[in-house]
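**Student:** If you want the building blocks of each chain, they are given just below.
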Amino acid sequence: MTKAFTEIGAKPLPQETNSCWSCGSMRAAHFCEACGKVQPPAPVDYFSFFGLPAKLTIDVPALEKEFYHLSRKLHPDLSARAGSQEQQWSLEQSSLLNDAYRTLRDPIKRTQYLLRLEGVELEEQSKSATEQARATGGVKKQIVPPDLLEEVFELNMQLEELKMNKQTEEDDAALTAEIARHKVALEEKYESLLQELQSYWKQWDALMERNPRAESAERKQITGKMVDVLNRRNYIRNLVRDVNTALEC
Amino acid sequence: MTADRIVGIDLGTTNSLVAFMQGDTPVVIPGDDGSNLVPSVVALDKNNQPIIGNSARRFLIETPERAVYSIKRLMGRGMEDIQEELKLFPFRLAEDLQPGEVLRIKLDQKTFTPPEISALILRQLKRNAARYFAGPVSKAVITVPAYFNDAQRQATKDAGRIAGLEVLRLVNEPTAASLAYGLDKKQNGIVAVYDLGGGTFDISILKLHDGIFEVIATNGDTHLGGDDIDNLLITIALDDIRGDLGIDLRRNAEAVQAIRKSVIEAKIALSTQPSVKLDIELPGSKRYRREITREQFEQLIQPIIDRTVGPCKQALKDANLKPEQIDEVVLVGGSTRIPKVRALVRDLFHREPHTDLNPDEVVALGAAVQANILGGRSEATQDMLLLDVTPLSLGIEVAGGVTDKIILRNSTIPASATQFYTTQIDGQANVAIHVLQGERELAKDCRSLARFDLKGIPPMAAGIPRVEVKFLIDANGILHVSAREQRSGKESEIQVQPSYGLTDEQVEGMILDSFDNAEEDFRRRQLIEARNETATILTALEKAKKSPAWGQLTSDEKKQIAKLEKALTAVNAEEDYQAIRKATDTLNHATTRLAELMMDSAVSSALKGKNMEETDLGEGPTAPHPMAKAEFE
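If you're matching them up, the sequences are chains G and D in order. For the first sequence, our numbering gives the first residue as 31, with consecutive numbering after it. For the second sequence, our numbering gives the first residue as 14, with consecutive numbering after it.
For the record, the hints were derived by calculation from the structure and aren't laboratory data. Mixed in with the good hints there might be a few duds.
[What the hints assert, rightly or not] DSSO-like mimics (lysine-lysine), calculated; alpha carbons at most 30 Å apart, straight line:
1) 139(G) to 274(D)
2) 103(G) to 468(D)
3) 67(G) to 274(D)
4) 95(G) to 418(D)
5) 219(G) to 330(D)
6) 559(D) to 572(D)
7) 468(D) to 556(D)
8) 123(D) to 274(D)
9) 213(G) to 152(D)
Here chain D stands alone, though its shape is the one from the complex (with noise of 0.2 Å):
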């Protein structure tokens, strides 16, 4: 069935691929070079056009202020956990960004988000798959690493829909990989899944019974790959060439590029040769030259897969299970070709792990194989089922700034918790929820993945009302959260302020129909963002009126503003973005004195306890935060 075809997706920090179920047979999609991976670069040609891939890499040493690379280390994270990156990666910021937004990354003038850049990958995964096949592709389900958060996965399904894809599930990397192990391996018992890629770490266990593969535990370091060892060699490099030569090229991009480009080469020789010789041309005619042996390069990366130890061992405890339990280690990700990797595996687990799949392709084989699972299920695939897990405990800032955990990490996803809430005063609408992903105790110390307010709360006396809150993790590790008031029954609304997220409005004004032709996607994203403004600031007027704060307006300022909201709806029906654009701003301007007033009359309005149906703001103050929670006989 051509409509049900579903490919599976490895969108991977260096490599991204795609993969397909033939038959009973998981195959790569190869790329119109012929090679199966596509190098997760991007780059902007001369004409501004979005070049992917292979083709893109030429960019990071001629242009490199026109190309990025790595942007999977950026998914889903805010500017001050990214900190570490900055100083090891060519990402430039955009330089008006504000702390607290979404990242955007310059490519010469223009300025992407993280979820955008993935996409334009995705895209080109998905070009790849449509001449495959001479036939559209729109459904997929894509890998990401086990111990990605909530933002991060909700980052990569925002890449999948900006590039046009329904994604139908988003699995584990390393379960991806057991599920392509097992497909040919039927049999039962324990299996550790050691997955070192290019930018992220993850182990899982899992329990394998008559195709149920049940993960047991995962853990992981999102940041931990063989990035940390380009970056190492690529400063011994830099640091050896000031000595030397007495010249730094640290603010020389294009020199650093091609000394990555030399010590990527050297590292991956490494795996098979006792010792390699760089030799690499720096400007003014200079070069550098130095001899790495395997023995020195060993001693060089030990502290940095030192820590997958850590990660392994907090895995086999949450399993409960000691090394000799393991029936089976398979290896996953580029990184594990490095024979220091797989003696430390040997080590860790006490036994010889599997290698017969490639490591660069085994999770898109897996991800073809859960896709087919999804799209009704083949011959080989008719008994299989995944049972994942969340990698991080999901909790709820209480009094104190403390975390108060109510899924542990390593529960069986779907998995739910409810929680109930009351109010602190008299008449109040609101209650304010900021919910947590981590281990650690205070709230500061983990990660905040999204502030909701409970809004429209009937107005009671305080402590009466009784709010219950339904917390949902999805079968890709997302989150979603409903909320009732059960003494009316009525349905609270829920506004989510994701800490590091797109909102729907935004990834909306991102879809990629067709970047081919630029300019008029330009003006299309313009205008579709215009028009969310004017819905935005419509729909805020309409509530005004019904405050008492339009009241207090004079029937000059309300006929100014009746006038200027009519020439807004008109000029609105038409295409021209720019004028939509003056006639918001116009309207806002006019409008000033009313949101003030609507500011103080919402605040003294419910310091009062008065009814708020007849303010109808749903802007209460909210609730001293963070909320403590409600205790019930």
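Isolated chain G (complex conformation) (with noise of 0.2 Å):
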């Protein structure tokens, strides 16, 4: 283990056992200090995978190191040469190991997963609304962020009146202009989100570390608040795809 791993506080797995199966030693979560075999896995979530608790602000660098060193234990590499059922449990600890590590180290898939691990649907990603929106030809239904409503509806009017242009062959620069310095600001609007959802990580980290078990409003209104940012950030990322098909077709 890193030092910076231990210092954030690992909260210990939940195992059956705590000796290997291999040698009878105690053994680290998933792989055996004296031994070095390979463990079962056992059925944890991402943060607890690394030993960590479930909090949204998390040391990348540290991180890495942390899975280059269990990559160096677990990868399928390493027991090339032993047992079946050996080779199967480092196949499922090094998937396991390289989905949390891929999960984790991205702010915003980290966030969403925390987000499932609570209960809560991402609305615009919602699978459903995608899926029925497709079966019936229709369009999955957006809502328009309330700060943003005047500028996408002037957008969408400039958008409009860039396609009546390309039909009529018509090059208006100034538009063209107008519209890519809308998407200037939308980009930037997109950047300073994540700042704004940091700031909820940091709220999400307090409750955390006063009563991780909580089962308080204010758990519920923290990853409200984190569901509103994500969908503003998916708005606004479907807008500036618009607009760049838009500007180069």
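Fit the two chains together into the complex; they arrive one by one in their own frames, and the hints show the way.
**Tutor:** Here you go:
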């Protein structure tokens, strides 16, 4: 374990045994400290897999270091000559390691994952809504974030105008410049949302410090705010994509 | 330890090599002709004995109908995606090939699947290694293009098995190359590997960190390489000849191969000379003469080599890196000897690429390094660990023919994803899942990997079963699927129909124990196939006897079936494959009505929501395809 992780205060893994199946020594969570053998995977969430509490502010360089450290213990290369059971464990453990690392190192994926653990469904990413829209050939309803209403309205008008110009093969440089300006503003907004999200991380982490099991209104309130930021972020991302397509074609 | 001797193999489009770690240094094992490269050419001689490598090359010109090259282009592919290849390469497909079937190539009167032809090349390499060690070799690491999809990887693994090799790992070619470079260059930083070979192009971007080789992004084109340059030059020559001499040689295989040989020599010479003269003897004692300057050559190939730019830019984008952030660029593959290719790489990455190691050998050397890592490591490989990625996103077809991506490209492997499914009809026993690979939005634009049938779901009302399906991509980049119905805790059976692949039984039947005894081999193979058929029909019959359809047969029909069944069991114990075939055919014929009755009852019983235990056919109506995904609170 790297220093950074022990400092955060690792939560013990929920596990049935804590001795190695092979040599009987006390073992680390995923492999045996004494003989190095891979241990059977336990069903844990990604935070617990890394021995981390369910907090959103993560020391990513330390996470990477731990990822490399665990890779050296769990990767299937190391059990290539072992029995088939050990190979299977190694395969499952290292896929869990990779899945967990991929999710936790990315700020957005990490937040989405935590929200899913909290039982929150992200509206914009709701698969049922997407599928229903596709099945009925309709367009998924998007709720325009209130603070963007005016800007989106104006932008949509301009995009419409651009489309008409394209049909009549007119070239309105001022219009294109105006749309490009909107795009830059949206991109800035997109970036600033990450900072807003991080402010909610702090609130969440503080709550976890105080009482990680709290069934409080505060818990719901913070996750609600994070969902809101992610939805606005998605909305802007889709909008920027539309603008790019309109400008390119 | 002789038992653990693991070789590294580069199974290339144009050339194949086998290498081994000697102490702390990987070395290429030469063939009996002293050459490190074994051309990936397979031919059948007059006695139908397979000839591989350098000695097979003359067959390309003398008896082209008995020889094949660049078979790697067909690995793991179906008829519909090789139409371009068929225009450019002299592949002769078996006439009776059905759509959706694994390709079969004709060599004289015999037919071979691409994995079988690759297996012949692998077996040659295995023999070369066995001679070198003076002992048998049975384990190998084989390299594949990083951009190979699941089916192409599976086909390569099958080829290994057919050749009698246990394939311990498939390693991506550019990654293998980075291992060979990393061996003596212990350093940290970002490395780009540009690999332009005979038939495939890969770009991989890696992060080196204290011996860990972590691939951050990979991209490529599995149909781009030196072959394309050759084909362009051949086309130009053929057009010239038709224009100047008024003869169309397109259908003259011997002449085309003679032209091919000359233009390849010219292409190679142009990497070091300012111009070359083509001088080719044509049928009717005419000659085709033409001078090509390097400038002309570079203009001609520009559109081909420009096709490598897109993948490079995409890989950089996926890695979230600018060209300036790349510390080293490594060149791999014979086509990177072309000065124009080197210039292109220099422009792309703003730095001089490394060419210290022989670009033809570096992949095999890296495979040997990985073999050493798997086989227990030497001092040199002590701290080395390769973390590779999946090149293509894995998806599931959902309602509306849309691909729902569940494992994104450039995810470190092994990687997994879990999905939940339910039923749409009361009592439905099966759920069909269509697995796709690719980046496109619509399922029809992605590569179909396989269709899975989840079978034996306990009968419940629609929407109640909750089947958990786990998709896992292993360290070879190959997909594994497992399923469990959560409400009953019952493991669901998964039946896989690979879209373009051989079944396990087919591979078993192809294993080349010894091609030297061609007759005996043929007989054994026929016997294995015949016995497989027997097993299939007997199992089906056992199941059928428990179905209501069995009760609908007359007692005479039942007696007749029982008699034929007994006869088949008896003859199956003998070695005569023709007799076994005959007995299965007879039994098959006698059970036609039974099969029809079963089809009817299966459909009606499932529609009534009847307990499937009673019919136990595992053949209820497959859900409207593709299956909608379950949503749970």
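**Student:** For every hint, state whether the structure bears it out.
**Tutor:** Each hint tested on the structure:
Restraint check for residue 139(G) and residue 274(D): not satisfied, since their Cα atoms lie roughly 54 Å apart, outside the 30 Å limit. A threshold of 30 Å between alpha carbons decides the hint, and for residue 103(G) with residue 468(D) the separation of about 37 Å lies outside it, so the pair is violated. For the given pair, residue 67(G) sits about 54 Å from residue 274(D) by alpha-carbon distance, which is inconsistent with the 30 Å threshold. Proposed proximity of residue 95(G) and residue 418(D) is supported: the alpha carbons are some 29 Å apart, at most 30 Å.
Under the criterion of a C-alpha separation no larger than 30 Å, the hint pairing residue 219(G) with residue 330(D) is consistent with the structure, at around 22 Å. For the given pair, residue 559(D) sits about 16 Å from residue 572(D) by alpha-carbon distance, which is consistent with the 30 Å threshold. Under the criterion of a C-alpha separation no larger than 30 Å, the hint pairing residue 468(D) with residue 556(D) is consistent with the structure, at around 15 Å. For a cut-off of 30 Å, the pair hint linking residue 123(D) to residue 274(D) stands: about 26 Å separates their Cα positions.
Taking the CA atoms of residue 213(G) and residue 152(D), the gap is about 57 Å. The hint is violated against a cut of 30 Å.
Of the hints listed earlier, those the structure fails to meet are numbers 1, 2, 3 and 9, in rising order.
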